[in-house]
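Chemist: Sequential numbering of the sequence shown, starting at 0, is according to numbering that gives the first Met the number 0.
A portion of the hints provided could be inaccurate.
What the hints assert, rightly or not - EDC-like cross-link-like pairs, simulated, lysine to aspartate or glutamate; straight-line CA separation at most 20 Å:
(1) K254 / E187
(2) K296 / D243
(3) K296 / E282
Derived by calculation from the structure, the hints in this document are not laboratory data.
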Amino acid sequence: MSIAPPCIAVVIPYFQREPGVLARALRSIEAQQGCPLPVHVIVVDDASPHPASEEVTATGCQSVSVRTIVQANGGPGAARNTGLDHTPEGTRYVAFLDSDDEWSPDHLARAVRALDAGFDFYFADHHQLGKAVSAFERSGRIKVAEHQALNFESGEPAADLYAFRGELLRQIIVGNPVGTSTVVYRYERFGQQRFRVEFTNAGEDYLFWMELSQCGARAVFSTQSEARYGRGVNIYAASGWGTDSYLLRVHNEMKYRKLTARLFKLDLPLRQHLRRSIRQLRETFALDVLHRLAHRKPLPWRLLRAHIALDPLAPLGFGQVFLNRILPRRSA
């Protein structure tokens, strides 16, 4: 019985309305240099208005294999799960890339080298949509001095690679530095891990990283920017006050925080942090509803009922708006 050689699988959830978006992501995969493992791409067409098959055919990838799977719309988490369910035999690592993002040419090579040094979870700095400054530099969430610079067995220092020191779960809850399109992890050890499909546009990736961490995954990161986020169908870029996607995002973020409090054993500072986040989300929820009423926009009653069921104290947010926003203006 032959054993399949090790490889790296790239999972791309796809839902786009415009042509050309996926092609840029695929070209950035083809442009990878120095990756020691063969690359297999799995594009999961999540009932996209613009079919993935047209993009794949137009790109004409030759140096990497590309498989397209079409499914009913289930959101990015469900699409990534489908990709994970169809990884080829011999998959050692899985990398995630959103369909409107692009990698630097050395991303996979650096990730594989770092993971081969005994780590399980890799992430890197990146440039978010429309930002000239990288995410690590802009947010200040990663303090390099607190982590250990990587050195390979040859004694050669690893440029910009660091073993994560501390609790990754705590880091994600307090200030998540992990960009999904920079993640590469050891699938051969954590092949049963899946995204929670009840989250359609917020929180499913954070929970995945935290659950990997709680299962013992050792994290390593790069301070080099290795991905640039693009403008396709982007739930964060397209979500604004008064839109259904914005309110759904608030709902999912509330669900994520409440589930985090139930799933993980947290110390007092983390529980207090979550309570503050929940109060802020209540105020945000109330502000969005008030924005809709002020602009005579329809209210999404089904979502409102679901949100009240999730967080019965949500109406307190209107009191917070009065105390924190309206009353100070009247007193000024």
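Chemist: Where does the structure disagree with the numbered hints, that is, which hint numbers, in rising order?
Modeler: The structure breaks only hint 1.
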